[in-house]
Amino acid sequence: MKTEISRRRFLQGTVALTVVGATAAATALANAELGKEGKKSKIVDFGLTKTQYSDKLQEIPTLCEMCVNKCAAIARIEDGVLTKLNPNPLFPKSRNMLCARGNAGIQALEDPDRLKYPLIRVGERGEGKFKRVTWDEAFEYVKEKMVTIIDEEKDNRSTIGYCAGEGMAEHTYTSFMGDKIGSSNYVNHGSICLATTIAGYTLTLGGYGQADLENAEYVIMAGANRAEAIVTPDTMDMFKRTKGRGSKLIVIDPRFTNTAAHADKWLPIEVGTDLAFVLALTYTVITEERYNKRFAEENLSDFEDYKKHILDHNYTPEWAEAITGIKADDIRQVARDFMAHAPRAIYYQGRRTAWSLQDYQLRRAQAIFSAMGGGVDKKGGIIFGKKLPLGDHSINGPMYDNAQERIEKDKAASIGASGSWIAWRNTIIDGSAPYPVRAFFAYKQNPMMSIPNTAKTKQMLEKMDLVVVIDTMPSDTVMMADVVLPESLYLEREDPVKSFGGAEPSIALRKKVVEAKFDTKPVIEIMRGLGMKLSKPLFEVSKKYDEALQEEIADRGEKEVYDEDGYDLADGYRHSQESINHHMVESVYGEDAWKTLREKGVFYPDMDKFFKKLSVNEYEYYPEHKKSYSIIKGDLNNEPYHDTCVDINEIAVLKKKFRTATKKIACALYNLEKKKGVDAMPTWRDELYTPTPEGRFKFITGRHGQFTQSGTANNALLLELLPENYLWINKRVAKEKGIAFADLVEVKSSVGTIQIKAYPTEKIGPNAVFFIHGFGADSSELTLAHHRGANDNTIIEDHYEKTFGSAAMHETIVDIRRV
Amino acid sequence: MARYGMALDYKSCINCKACESACKEENGILLGADNHRIWVGVNEIEGLFPDLSIGSSNFQPSQCQQCDNAPCQSVCPTNATYYDDNGVVRVNPDQCILCTYCMQACPYDARYIDDRTVTVDKCNFCSDTRLIHGETTTACQATCPTKVRIFGDLDDPESEISQTLRDREHYSLKAHLGTKPKLFYLT
Ligand code: SF4
Ligand code: SF4
Ligand code: SF4
Ligand code: SF4
Chain A
1 MKTEISRRRF LQGTVALTVV GATAAATALA NAELGKEGKK SKIVDFGLTK TQYSDKLQEI
61 PTLCEMCVNK CAAIARIEDG VLTKLNPNPL FPKSRNMLCA RGNAGIQALE DPDRLKYPLI
121 RVGERGEGKF KRVTWDEAFE YVKEKMVTII DEEKDNRSTI GYCAGEGMAE HTYTSFMGDK
181 IGSSNYVNHG SICLATTIAG YTLTLGGYGQ ADLENAEYVI MAGANRAEAI VTPDTMDMFK
241 RTKGRGSKLI VIDPRFTNTA AHADKWLPIE VGTDLAFVLA LTYTVITEER YNKRFAEENL
301 SDFEDYKKHI LDHNYTPEWA EAITGIKADD IRQVARDFMA HAPRAIYYQG RRTAWSLQDY
361 QLRRAQAIFS AMGGGVDKKG GIIFGKKLPL GDHSINGPMY DNAQERIEKD KAASIGASGS
421 WIAWRNTIID GSAPYPVRAF FAYKQNPMMS IPNTAKTKQM LEKMDLVVVI DTMPSDTVMM
481 ADVVLPESLY LEREDPVKSF GGAEPSIALR KKVVEAKFDT KPVIEIMRGL GMKLSKPLFE
541 VSKKYDEALQ EEIADRGEKE VYDEDGYDLA DGYRHSQESI NHHMVESVYG EDAWKTLREK
601 GVFYPDMDKF FKKLSVNEYE YYPEHKKSYS IIKGDLNNEP YHDTCVDINE IAVLKKKFRT
661 ATKKIACALY NLEKKKGVDA MPTWRDELYT PTPEGRFKFI TGRHGQFTQS GTANNALLLE
721 LLPENYLWIN KRVAKEKGIA FADLVEVKSS VGTIQIKAYP TEKIGPNAVF FIHGFGADSS
781 ELTLAHHRGA NDNTIIEDHY EKTFGSAAMH ETIVDIRRV
Chain B
1 MARYGMALDY KSCINCKACE SACKEENGIL LGADNHRIWV GVNEIEGLFP DLSIGSSNFQ
61 PSQCQQCDNA PCQSVCPTNA TYYDDNGVVR VNPDQCILCT YCMQACPYDA RYIDDRTVTV
121 DKCNFCSDTR LIHGETTTAC QATCPTKVRI FGDLDDPESE ISQTLRDREH YSLKAHLGTK
181 PKLFYLT
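Chains as they are written, first to last, in our numbering: chain A, 1 to 819; chain B, 1 to 187.
Since the hints were made in silico from the structure, they are not lab data.
The reader is advised that the hints may include incorrect statements.
[Unchecked claim] Just some of the chain B residues that point at chain A, by a computed CB distance under 8 Å:
| id | residue |
| --- | --- |
| 1 | 15 |
| 2 | 25 |
| 3 | 83 |
| 4 | 100 |
| 5 | 145 |
| 6 | 152 |
| 7 | 155 |
| 8 | 162 |
| 9 | 176 |
| 10 | 177 |
| 11 | 178 |
| 12 | 180 |
For clarity, every value in this text was computed on a predicted model and none was experimentally measured.
Note that the Cβ used here is the ideal one computed from N, Cα and C, for glycine as well.
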C-alpha cells in the first residue's frame, strides 16, 4: 500500500482530525488570542529556541513528567537555558524515545501562565481572584484554618480530605497527609483509572503483571489504545511487530483508533459489552477443548467449577453476538487463534479501565482466559518481572485515637486506602457522611476536570472550610482554592528515586536540570514547611482530646512523646531529596552505583557489562538469558505428561506458586462472594448493562498521544498538533441530523450540557459518540486552554461500580443536536 | 564528506508526532502548523462502519526527500538552494529572495516560508543543529518511539542504512519523476 499525500492536501484538513484547524493554530493563537480584550497584559512568548551549542553546554539526565511513564531524558542546557530534551537510551523502560509531549516539556517550563508564587484567595471562591503572598503567609493561613477545624472536630484528623494524582512525589505528600496529619480520607486517581484492572488481575493471577509485547505472538487489545495512549515499553514493543512482522493484533474497540490502524482485525463492539465477548471466547475454548489443559490442571484453582459455570450459563458465541454486535464466527476465530499462539498470547490488561458497571468481572474473565492459554509468568505472556530493591526512608506517623475511618467505606464491597473518588465526593455532598469533611487538599490532580460530573465536584469544593491546592498550573481546581502552593516543575526539582520493575528492571532518577524560575518549591519542601508550622499547634489539639496520648504523656513525659512518636510533622522531610536518594541507593548498591545513577540517570547491576548498542536505534539492556520472564518458582511436574515431542517449558506446565490466596490462579473467589456478595466467577448481568435507546448515543471518552489529561492543555507546542477536541459522530448519522464537519453541536446528558465541534466519521458506529478528555478548561488564567473544546466530565454521569467503587465512565446516554 | 539519506520503516509509525515536535524544538521552527519541516500523512479511511479497510489508513511520515536531482535546486535563480558537502539540499537564507520558484518546483511540497527570515525553509537533516556538532542522528530519528527512522551515510557500504537498503525492499515517492530521493520507504 503506497500513500502519497502532499503537505498541502494534508493541511487542508480533510483527512485527519488531529490537523483540522491546525493551520490557524499556535502562532495565530499566541498572537491573536493573547491580544483578546480583557486579557491581562502578560508578556507572552510561546516561541521555540533553535539549538546553538554554546560553549557552556551541559547535558543532564532526568525523567520526563509530561505523563505517567517517566521516560528517561537528557536535557541539553546552553548558558543555563534548556534548549532540547533528547531521549536517554540507557533506560530499559523508555527504550530510547521521547514522545511529542516529552519534547514539549520545554513549553511546560516556559509556559507564561505557570503558578509562580504562593497565592491566597481574595474574592469569592471560584472567582479566580488571588493575592500574592510569601510561603510563610500561606502556611500561616493554612495553620489557622486547620487548627480551628481539627479542634472543632475534636481531633478527628479525617476531617481533612485529600487527593493526589500519580507522580514520583505522590508518596511524599500522601505520607504527610495520611501518616503525619493522620487522615484516612484519601482519594487518588485509581478509582477513575485502573482500579478494576489492577484488582481483577491481582486477585486472579497474584499480580497485574506486564504484557510481554516484545515476545507475544497474538495480542487482543480491547479498548486499550496503545498507539495514542502511550504506555512504555508497551507502545514501542507492540508497534514494531504489527502488520505481519511478528505479532498478530486484534483490536476490540467501538472506535477505529490509531491502534486499530495497526490491527490484523478490528472488531467494533457495542460499548459496555466486553465481558460478554470474553465469556464467549472462554465458552469456545472450553467446548472445543483448545485451552492448555496441563497448565490449567496444575495451576488454576476451581477450574472445574468455572467450566461448569460457563457452560451452564450457555455463554455461546451466538449469545454474545446478540449483545456485543461481534459476529459469532469472529468470536470463534479469535478464540482459536489465541489458543493456537498460546502461551505467547495475551489478552491485554488495559489501563484506564473505568468503563462500565461490570468492569471488574471483565478483567477477571480476561485474566482467566489468558491463563487458560498458559501465558502467565511466561515469556510472550503476562510476566511479573523483578524489581530492584531500594533502601528505606521511613516516616514515623503518630497514632491518633480520634481519627475515624473513611466516610465512603460502605459505598462499595471493597473500598481500599485510595478510595472511590465519586462515592467519596457524593458522600460529602449528599449528607450521608458520618462526620463532616471540612478541608480539602489537592496535589497534582484536577478533580474539577477529572472526576465525572463536574457540577458535583464544584459543589463539594464549595462546602469546604479550606481548600489547598498544590500544582504547577492554574487549573480549574486551583481556581476553587483558598490557598495555592506552587510546585516547581519536574525539570526544576529532584524527585524521590524510583525502581522500575519488569523483565529488565532498573533504577532511574529525576534530577533537577534548571534552577526554579519562580518562587516555587518541590513537594518535600512544601511538606517540610507545613509540618514545621502545624506540628506544635496540632499537637496541642490532640492533647486536649486524645486520651491515649494523654496517658502516654503521663507515662513518658511530653517531650519524649512529641519527639519519638512522630508528632514532629516535619521530621521525615528535613533532609534534602538528594541526600535521601543517596541513602536509598548507596545503602543497597554502594557509592559507585549512586555516582553512576547521578551521572547517567539510570542504574542497574551490571549495566556497564549488559548495556549494548545494537544499531542506530536499538539497544540491548540485558542479555536474553538475564531477563526476568519467569520468576515464580514451581516444580517441573512432567511425570504424567511425558512427551518427548514437546518442549515442556514452552507449553508452560510448570506447577507454579502464584501470589494469590490459593497459590493458584483463582477462577472462583468464593470468599468475596460470601462476605461481600461479589460474584465468585465472572457472570454477565443484564441489569448492569445500559442499552442505548434508539436515536440517542452512548458517550465514550479517551486519550490521545499529544495530550495528557488536562495537564498539558495549555502547552503551546502540543496545541498546534491538536488544537481542540472534536465530537466523533458516525458520518451517516451526522448527515441525517444535518451536521457537517466543524459544525457546533450540543451534547446533553442528565448532568450537563457542552458544545463542541463535530467530526463526522465512519470510524465510530451509529449509536456511540466520543471526544478526547482534557479539553474545555474553564480557568481564565489558562490563556491557551481556556474554553478551548469541551470537558467530558461536565457530561459524564457519576456512576460507579459496586465492587471497588471505580468510576463507570461509559454508562452515560447523551442527546446530540446541531446548534 | 558523506551522502546522507534516511530509510523509513513506515509500517511502525503510530502517528504520534514526536518527530514533528522534536524537529521544532531542535531547529527552532516557528509554532503554527504551516511551519513544518516534517509531517505524517494520513489517508481518510475507506469503507463504511463497521467494514473499514485497515490497509487504507497507513501513516506515512514525510519531509524533504533530499533529492539527488532536486528540481528546487535547479530552478533557484540565486543559488540559495544548494547541495552541501554531504549531499544535503540546503537553503542559504541570506541568498533567498523569496521568489518561491522552489516551492512550486518541489513535487513533495516539502518547503514552507519561515515568517521570521521571510525566506524558504525545509528539512536539512539537522545539519546546522546536530550534524555540525558531531551528532550522528537527526532529532526526528532520535526521538521516535517505534524507531521508524534510520539515518546514515549512503556512500558507506557498512552503514546501517546501506545494509538495510540492500537487505529490504523499499520504494521512493514519485520515483517516476527522476528526482532521486534519498528518503526510502521500507516495505
Ligand atoms: S510517554 Fe511521553 S510524556 Fe510520557 S513520560 Fe514518556 S516522553 Fe514523557
Ligand atoms: S515519531 Fe515516529 S512513530 Fe511518531 S509520528 Fe514520527 S515517525 Fe511516526
Ligand atoms: S523534496 Fe523538494 S525541497 Fe526537498 S530536495 Fe526534493 S525538490 Fe527539493
Ligand atoms: S532531519 Fe532534522 S530538520 Fe529534518 S525533519 Fe528531521 S528533525 Fe527536522
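Hint-by-hint comparison with the structure:
1. 15: Holds - the Cβ of residue 15 of chain B comes within 8 Å of chain A, reaching about 5 Å at its closest.
2. 25: Hint holds; residue 25 of chain B Cβ to chain A Cβ min 5 Å, cut 8 Å.
3. 83: 22 Å, violated
4. 100: 13 Å, violated
5. 145: Since the shortest Cβ distance to chain A is 4 Å, the answer is holds.
6. 152: 7 Å, holds
7. 155: 16 Å, violated
8. 162: Not OK, violated: residue 162 of chain B not within 8 Å of chain A, min 12 Å.
9. 176: It is violated, given that the least Cβ distance between residue 176 of chain B and chain A is near 11 Å, above 8 Å.
10. 177: 11 Å, violated
11. 178: 16 Å, violated
12. 180: 16 Å, violated
Violated hints, listed in ascending order, are 3, 4, 7, 8, 9, 10, 11 and 12; each of the other numbered hints is respected by the structure.
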